[in-house]
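These protein sequences, in sequence, are chains A and B.
Oh and the first sequence: position 370 is 370 in my numbering, straight run, nothing missing.
Position in the second sequence (from 1) plus 1000 gives the number in my numbering.
Mixed in with the good hints, there may be bad ones.
Only some residues are given here: those of chain B computed to face chain A with a beta carbon under 7 Å [stated by the list, open to error]: (1) G1045; (2) A1061; (3) F1129; (4) R1173; (5) G1174.
Selected chain B positions facing chain A (in silico; Cβ < 7 Å) [claimed, not checked]: (6) C1047; (7) R1048; (8) G1056; (9) S1083; (10) L1090; (11) T1094; (12) F1097; (13) V1119; (14) H1124; (15) M1130; (16) I1175; (17) K1349; (18) Q1560; (19) R1561.
These are calculated hints, taken from the structure and not from any lab test.
In this text the structure is predicted, and so the values were computed from the model without any measurement.
Note that CB positions come from ideal geometry on N, CA and C, so glycine has one too.
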Amino acid sequence: MDIKLLKKIKDDTLKRVGNKFDKDYRTNKEKEVRIVLKNSYVIDKDSIDEYIARDGYFALNKAITEMKPEEVTEVVKDSGLKGRSGGGFPTGLKWGFIPKEKGQKYIICNADEGESAATIDGVLMRQDPHSVLEGMALAGYAIGASKGYIYLRYEYPVCLEVLNKAIEDAKEKGLLGKKILGTDFDFEVEVFRGAGAYVCGEESAIINSIEGNRGNSKSKPPFPAVKGLFSKPTLINNVETLSVVPQIILNGADWYKSTGIPGSEGSKVFTLTGHLNSPKTVEVPLGITIRELIELGGGMRDNRKFKAFVTGSPNVTMLGSEDIDLPVAFPEFKERQVMVGSGGVVILDDKTCMVDFTHFNVDLLNIESCGRCTPCRVGTKRAAQLLEKIKEGSASLKDLDKLIELAEHLRTASLCGLGQAVGMTMHTAMNSFKDEFLAHINEHECAAGKCFK
Amino acid sequence: MNKIKLTINNQEVEVSKGTTILEAARSLDIKVPTLCYLKGISDIGACRMCVAEIEGMGLKATCNLEANEGMKVQTESEEVVKSRIRTLELLASTHTFECWTCPREESCYFYDYLQFYNVENTYHDDHKFMSNTRIINESTAITLDSGKCVQCGACTQVCAKIQTPATLDFNNRGIDTIIAPTSCGETLDDIACISCGQCSKVCPTAAIIETNHIKRVEAAIKDPNKFVVVQMAPAVRAAIGEPFEYPIGTPVREVEGKMYRALKELGFDLVTDTNYAADLTIMEEGTEFIDRVKNGGPLPLFTSCSPGWLRYIEQYRPEYLPNLSSAKSPHMMQGAFMKNFYAPDELNKDASEVYMVSIMPCTAKKYEIARPEMEQDGIRDVDAVLTTRELARMIKQHGINFRHLEDYKPENELAQYTGAGTIFGASGGVMEAAVRTVYEILEGEPLPNLDIHAVRGVEENIKEATLKLPKTGLEVNVAIVHGGQGIKKMFEILDKGEKEYHFIEFMGCPGGCVNGGGQPIVREEFMQGLDVAELRAQALYQSDKEDVEFRKSHMSPVIQRAYEKYLEKPGSHAAHKYLHTTYTDQSHKLK
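Produce the complete structure using the sequences and hints provided.
Shown next, in the form of structure tokens:
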């Protein structure tokens, strides 16, 4: 395989498919963009030729024949791309943390899309598997890794089939495996199926899981970049992050930055769920306001009042109705201690009781806690029980203090992101909906009519 | 650039690269509380007790965080103390408090921290928070009690990394997480655990303890129809002082007499000493060795005194069982000899009347006495095993002031011993004792130097020496192996078959019996396990050198008499019936 053959496949396929690629599934062509979802629902997921026809693997060719590994990292850094799995950490910077020395290194693609409201990575892997593989190969080239794992969520059996076929096809064409595109670059990808634990979306728990251990998280530092899978330097990125890398390499950092706003470059795919007229998965430029997102979801169901914008699930953070015009962007959200999250969004209307909603999530997180550190193992349970007391009407203000204290303890003393995020969940809930909590405790009043039954 | 400077509580300290903040703080004598930390073994950062405030990083666990140049650390700031108190409150909310009946009442780290930080039991006033189901998982040797567990995981680390079976792990998730045998729902008897009890020594609470035999011993003492005989292993006298505030490594002569007296006061009818049977073991095992050398093997001969080791070989490497000595361990021999010969003949007691209690530094001995092989004609060799810790607890419960006891020396034959018997408690001791006897039997003249330093010490988990027998013309290669890690390594060497060994001593616990799973608990922050073993071993070697009349088993007049009167000669038919046993392949427990 070389660039000539790649071009020939592209030309032949374009001739064959006719106007198939002109399809556009967007309902709102002004607000929605097509970058990450460029190929989804357009190409045949099982056809590597159709992916190539959409310029697939051209970025990989460009990188390994024309660019040095550092240059690839540099372009990603310049593009402003940030991790799409929740934390929003600059991707290029993360790549730069991997030691330059030669030796065994690994890429892990985090495909354990555990958030109950998110289906972004699932869509991408099912619809456009090669973009993920190409992104991994590019990352592998940039950091000097020859092996990549896709840590796939157990509940995605279709993705498993699609990915495995894609890997076989890419290998057959010399786009993965040994001597890729005739160069000295080797890169293999293996799909590793998780067993269904939510905590296994956390980096160090993924590493434990692939190593064959119980999916517990580990203390950081040492970070995976230094001591990761099998104690080797390891880069872990999420599916959406990796799948957009080929386009950034092919079209340049400036092209990518032209979407979004400064500090929150590029686009993000959201799964809009909750009390909306038409819940759906959409790709929008970052910086879009919450109000616009609600409109894209067809507006509030039954014309009810918007109450809360919730990202993540069950590790949720939330904003109230006063923030409806807030742009969905990393710095703005961070200021309010809210995560952009991996894209699962729940829009709640005024029929929702926030005490009940918080309780539901905190209780679920206790079940999903790996049980290793004290704050998360016991603290989440006690928090859920305190919330239950509020719901029953047997709580006092002392219990609320205890809850605030627990939120702080979980945020600061938990071993990994799971426990820390439960603290954030409780903190943002009690912050944005303080009056509602107080009304429950003092007045035994639940505006949504959910509690005191 | 191998040194790093940082400040902890405004004190500057220089440490080498790779040092954790916790160790750096300890080098300044700053006390940082820990529950799950074991130096070099466990730094999983689970308990969150060792958190400190690090400038720019917030609260971090210090046990696994490497110090960096210029770090500013506060280990006692208001935030830190508050965080520790909240962690303790949460742990307390899951704990079964029954401190007054708890075997760890005086050595519970958790209790100490609750007291030190003056933690209020905030969650206990509301039934809502009582959510944990207490699961007590009892096996013949070890009992796991989830109600007392603080989920620090130290046991899982010591089991996997030091002893290697990895039989304990976290099970379930969230609040239901429990430490349990790796295949959930079964006891430690059903899986490939070796009952060594090292887990019980690193447990900060009573979540892992020896399976209680105090009750059955007390009942036997009260029973007028039972003649209760007690014996204690060599290693017990090396540590029995510790629960009564004698320093670690206190000379045997300072505590042995008090120990005998305490046993008298507890109501035992006859006090004997396992050291006697240790001498007997040397006669049997030594003869077996000579026999195998003369008659073509199988060699190397493996010792068989350590029941943890027995479980290991039966479960993990049954293909090597023919190499194992058929001699029972000393306390089993003592039991069999007492019940079948000494009691009926000298004490006019029927074997069925005698109730044999062994005080052992070991939890696996509780497993050993339950082995089906350990009886003749329906008479069990030993009826109960108390650990050193259990004996100390009994002494305290009976209000006996150990430190003020008058020395006592039992005069019956089964309480007399040589120095060779005493050093059984240290790693290398069985080998040294065997060499003293085997050499003289084969060579027909005394061994020039009785102190064989090559087989002593705990630094290496495999020790080797070559014994030259000039007259016989033999060169005997011996090895001493202690601890699961060493055993595993030794089998790898044996598998390769490159080196020829004749005689190998195996002990299940690192450091041998002095560091056994039933010995008093020494906190990790004060001393490491193997340093403790070294000090206790020194006490035994000193006793061997200074306290005894004879230092070679075959020279013991009481042993000679036993053979003259009852057993004829080592390896005789009678000896085989009562003092030897058989082994079976237990590899199915590995699954």
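Each hint, compared with the structure:
Annotation: B/G1045 was flagged as interfacial toward chain A, and the flag holds, the nearest CB pair being 4 Å apart, inside 7 Å. The beta carbon of B/A1061 is positioned within 7 Å of a beta carbon in chain A (closest approach about 6 Å), and the interface hint is therefore held. Interface restraint check: B/F1129 against chain A, minimum CB-CB distance 6 Å, threshold 7 Å, status holds. Interface restraint check for B/R1173: the shortest CB-CB distance to chain A comes to about 5 Å, inside 7 Å, so the restraint holds.
Interface restraint check: B/G1174 against chain A, minimum CB-CB distance 4 Å, threshold 7 Å, status holds. Checking B/C1047 against chain A: minimum C-beta separation of about 6 Å stays under 7 Å; hint holds. This hint holds: B/R1048 has a C-beta 5 Å from the nearest C-beta of chain A, less than the 7 Å allowed. Taking 7 Å as the C-beta cut-off, the interface hint given for B/G1056 is violated, the closest approach to chain A being about 13 Å.
Against a cut-off of 7 Å between C-beta atoms, the interface hint on B/S1083 holds, since the closest Cβ of chain A lies about 5 Å away. Interface hint at B/L1090: satisfied, since its Cβ lies 4 Å from the closest Cβ of chain A, which is below the 7 Å cut-off. Because the beta carbon of B/T1094 sits about 6 Å from the nearest beta carbon in chain A, less than 7 Å, this interface hint is met. A least Cβ separation of about 15 Å between B/F1097 and chain A goes past the 7 Å threshold, and the interface hint is therefore violated.
A least Cβ separation of about 13 Å between B/V1119 and chain A goes past the 7 Å threshold, and the interface hint is therefore violated. Checking B/H1124 against chain A by beta carbon gives a least distance of about 12 Å; that is not within 7 Å, so the hint is violated. Of the supplied interface hints, the one on B/M1130 is violated, with its beta-carbon coming no nearer than about 10 Å to a beta-carbon of chain A, more than 7 Å. Among the interface hints, the one on B/I1175 holds; its C-beta lies about 4 Å from the nearest C-beta in chain A, closer than the 7 Å criterion.
For B/K1349, the shortest C-beta to C-beta distance to chain A is roughly 54 Å, which exceeds 7 Å, and the interface hint is violated. Taken as an interface hint, B/Q1560 does not check out: its beta carbon lies about 57 Å from the nearest beta carbon of chain A, beyond 7 Å. At a threshold of 7 Å, the smallest CB-CB gap from B/R1561 to chain A is about 58 Å, leaving the interface hint violated.
Of the numbered hints given earlier, the model fails hints 8, 12, 13, 14, 15, 17, 18, 19; all others are met.
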